[in-house]
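Visitor: What follows is the residue order along each chain.
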Amino acid sequence: MATLDQFVVNIRQLTTDGKFSDLAQALSSPNVDHLTKNIQHIDSIIATFPLPEYSMCMLACLHAVVKAPNIPDFDLFLTQVDTFIQTSSAEQIYYLPQYLCEICHVITERLRKENRARVGIPILYRAIELLRREPGQLLSIHSDLYQLCLLCQWFEPALTYLETDIIDINRENGKFDVKHLLLSYYYGGMIYACIKQFDRAANFFENVITAPATATSAIAVEAYKKYVLVKLISGTIPTNHLPTYTSRNVQQTIKSLCSTQYTELFNLFNNGTLTQFDEFVNRHRDQYARDRNLGLIKQTRNAFICNSIQQLTKTFLTVSLKDLANRVQLQSTNEAEKYLIDMIENGQIFASINKKDGMVIFHGSPERFDANNMLAKLQDETEKRMQAEKQLKELERQISLSKAYIQRTQQSSPYHDRPKILN
Amino acid sequence: MNLSRNFGSNNNNQQMDIQNTVSSSGDTNNNLSIQNPNENSTTSAYEGNYQVNISSTNFELETITLSYTGLMRIYRLLYVADHCSSLRHEALLSSLKYIQETHFTSLYKQVFDELKKQNIPLPNDFDSSWYEKTQRNYIQKLEKLDTDLRNFRTNAIKDSIRRGHDDLGDHYLDGGDFFNAIRCYVRSRDYCVTPRHMITMCMNVIKASFYMQNWSNVLSYVSKAEQAIESLESTNKSGTTPAATTTSLANPMDVSTSNAMITSDAILASRLKVYAGIAELATKRYKLAARHFLGVTFDHCSNHFQDLISPQTLIQYVCLCSLATFERSELHRLVIMSPNMKQYLELEPSIRDILLKFYETSYSSCLGLMSHLEPILALDQYLAPHLRALYYEIRHRIIITYFLPYKNASMTTMANQLNTTTDVLEDELVNLIRSGKIKARIDSKNKILYVADTDQRWYAYQHALTITKQSEKITRALLLRSAIIKANLIVKDDSISSSSSTRSPNNNNNMNINRRHFIPNLPGNMMMDEGDLSDDAAMN
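The listed protein sequences correspond, in order, to chains A and B.
Numbering-wise (the working numbering), the first sequence opens with residue 3 and increments by one.
Numbering-wise (the working numbering), the second sequence opens with residue 44 and increments by one.
The following block holds chain A by itself, in its conformation from the complex (with noise of 0.2 Å):
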C-alpha cells in the first residue's frame, strides 16, 4: 500500500511539474506495475485524478482496469472512457497512444461478444478524433470502429474516417500490430461494399493484398476471395492481374487457394455464358456460404448478366429481345427487358426498346465531351490525381533530406571518404 501511494504522489508530482515524457516512462515501465497489482482500489486512484490535467494517469488507470482479469461493472467503465476521451488532454495522451487503443480492442471485443455494438462506435469515434494528430493518420482503433460499424449496419461514423485517404501511421509507440493496418482496409472494404461503392471496395481490398508481406496472413486471403467478387461487379473490365508489388508469398498462397474457386471467375465473365457461370457457383456454393460470400456471388450473377449484355452493345446496332436473351441465356424476354431497363436507368449502356417489333436499339454514348460541366469533371479529377501527386512528392522529399537517407546513400557511394581528403 504503501508504494502505491508513493507511486501516485511520483505521478502527481511529474504531471504538476510537466515532465510528460518521464511520466510516460513512470506509467508504462513494466517492473512497476503497482496499478494492476492494486486493481481493487483503483477506483478510489481514479477519484483522485482531476481531469484534464492528470489525463495521462487517469489513462493509465483505466488501462490497468483493462489489463485485470475481469471488469467489474462494464457499463460504468464506458461511461468512465467516454468522458474520460471526452475532457482528458490530447496532449498528455500523445505520450501513451497504445494505451487508449488498447483500451479500445477491449472495449469492442466486449461489446462484439454482447452484441451491442452500437453503444462503442460514438467513444471510439471520439478516441480516433482525440488520438490522431493529422486527418490522414491511421490508428488501430480505426479497425475497431469498422468492425463495430459493419456489425451494426451503422456506416456514417465509419465513413467520415474512410473517406481520408492514410498517409500515415500512428506507430503507437511500436504497438502498433499490423493485423489492425489490414483489418481496417479489410472492413473498410466489406463497408464500401455494403453501400455498394464497389470500385472503392475493390481499392480497400487490394490494399489489403498488396500490404507488404513475407508470410500470407489469412485476412489478406479473405480480401481476395472478396476483391475478386467486388472487382467483377463493380463492372471494370475484368482482368485477374495484381499489382506487380504484391509480395510473390502472398501471390502463391492466393493461388493455391483461391484460383479454383474465386480466380476462375474472370476468365467465366471473359468467355463464359450464363449456364456455364450458374453450374460453376453452384459446385462451389459450399465454399461460397463458408467463405460468406453469398450474397456477394448473387450480385456477382447479376453483374455477369449485365457485362454480357453490355457485350451485345459492342456488336449490334439493332437486336431483338428474343435474340438478346438467347444470346445473354435469360430465361424470357420479360426478364431481357428487365435486365435492360435498369442497365439503361442506370446509364451503363445506351439504348431503347422498340416495343412494336421488338427491337433494342443501341446508341452510342451521348456524352460528347463539350459540354462544360463534363470539362469541369475532368479538371476536378485531374486535380485531385496532381494533389496525390504532390503529397507524394512531400514525401519523397522529406526522405531525401531524412538523416538515415544521408546517410545510407553516402556509405554507399564510392566517395564516401572524399570529405577526409578535403579536410
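Check each hint, because a few of them may be wrong.
What the hints assert, rightly or not - Result set (DSSO-like, lysine-lysine): computed pairs, CA atoms no more than 27 Å apart in a straight line: (1) K488(B) - K316(A); (2) K159(B) - K176(B); (3) K405(A) - K529(B); (4) K490(B) - K324(A).
FYI, nobody ran anything at the bench for these hints, they're computed from the structure.
We have chain A already, so just place chain B on it with the hints.
Guide: Relative to chain A, chain B alone:
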C-alpha cells in the same frame, strides 16, 4: 474396331519409357515434353469415332495403295477402314495383304480379328500359317541380330556396334515394336563418329517416333539432324559441291536406312521438313507447318517419299494450313507463284482451284470446293483432327477479307456468297466482333453490317478520364505503402523470435516460401511461415 486409334493409344503408354531411355543414354535434351496428340481435345467433329460418307466424291483406295508404301500405307488404309464404312471391307483386306510384307504380327492379329468380326470372307490365297511362321522368323532374326551385336561389342569395333544397333532397330521397326526400335537407335548414338552417322541415327529415331506420334521427340531430333547436316556441309565445302550431291539421286527406300553413301543431303533436308511439318501440324502450329511443307522440293516428294507422304497429300496440307494462316500477299508469293508449288498444284487441280478462287475472292465457289473435298480430307489420319479448326479459321479469314472494303454490307448477300444462312452468319460475325477480328456492328433488324464508327475524340476523353482515375488510385496506393514502410510494418510470422521484429523492409526480398501452416476461418489469425526468417534475423 478402331484399329489405328488402338494402336496409337497403346504406344502412348510407352512414351514415358522412351523418355527415360532417351535421357539415360546421355541425352541432355530435356525439352521432350510428353504430348499425346489424341488427347488434344477440341470439340471437332473429326475426333474419335466419326464416319465419313464418301459417296459424293470419287475417292478410291488406290490413291493410297499406289502412292504409299510400307507402314504408312498400312496405317492410312486402316484409318480409312476405321472411318469409312463403305471402304472398310476393301481397306482391311488390302492392309492385311501389305502387313504380310512386314513382321508386324500384333497388327496382323488385330486386323485378322477385325476381319473375322465383320464376317468378311478371306481371300483365296490366304496363308493361314503366316502368323506363326512370321512370329518364329521374327524371333529367330531377333536372336541372331542380338548375338551379332554382342559379338560386335566384344570386338569393340565402334562402327560395327553402331550398325548392329541400327539393324536391330530396323528389325524392331519392321515388327512394329517402335518403343524398342527407338531404344536401339538412340543407343547407337554413342557410337556415332561422323556427322553422317549422326544424321542416320537422327533419321531413324525420327521415323520411329513419328510412327509413335511422339511429336516433341520428332521435332527435337529434326533440329538435331539439321545441325548435323549443317556441320556436314561445312566440312564438305572443300570437297564435293552440294550441287553435285543433289544430282546423285538415290534409291528411295534406302534413304531412311543407314546407307549414307548414296543419300543426298537435299532429299534428307526435304524429308526432315516433311517430318517437322507433320509434327507442327499435329501440335496445332499451322503456320509453321505450312512453312515447313513449302520447303519440300517436288522432285524429292514425288520420287522418294512413298513411305512418308504423297505429293497430293502434301499439297492438301499446304493448302489448308496456308489458307488458314497466311496473309493474302504471302499466299500469292509463297504458294500460288512458287514454281515448286506449281508442280504440286498441277497434280491436284482441285486444290489449285481452291487456292485460286480464294485469291480471286470468289469465296462462294472456294467454299463450295472446300466442302466438296472435306470427306476426303477427313480420311487423312494427320489432317482429320485439325480439319474443323482449319476450316473455321479459313471461313473467318474469308469473312474478314470480304468485309474489309465495305462501310456497310448486306448480310443477306454476304450469306449467299458464303453459302450459309443469315442466322449462322450472324453468329459467326458476333464471334468475330467479340474477338476483335473485325470492327463492325450488326443491325439485326435490317440485316446490315456496319463498320463501327469510332469517335476518336470521344475515346480520347474517355481514356483521359480512366487514366486519371487509375493513376490517382496508384498514387494513393503508393502513399499508403510508403506510410506502411515508414511505420516499419510488415506481415510476418509472429511465432518467430522477436529479434526479427526490427527488420527494415529492405531485406525482405528473400522470401522462402515453404511449409505453411494455414489457420483458416477467423480473419485476424496470421498465416504462419516456418523456417523463413532465420537468415533475415541474422542480418540484424
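Visitor: Does each hint hold? Answer for all of them.
Guide: Comparing the hints with the structure gives:
Restraint check for K488(B) and K316(A): the C-alpha separation of about 16 Å stays at or below 27 Å, so the hint holds. Restraint check for K159(B) and K176(B): satisfied, since their Cα atoms lie roughly 20 Å apart, inside the 27 Å limit. Of the pairs offered as hints, the one joining K405(A) and K529(B) holds, with about 14 Å between alpha carbons and a cut-off of 27 Å not exceeded. With a C-alpha separation of about 16 Å, the suggested pairing of K490(B) with K324(A) holds against the 27 Å cut-off.
The earlier numbered hints are all upheld by this structure, with none contradicted.
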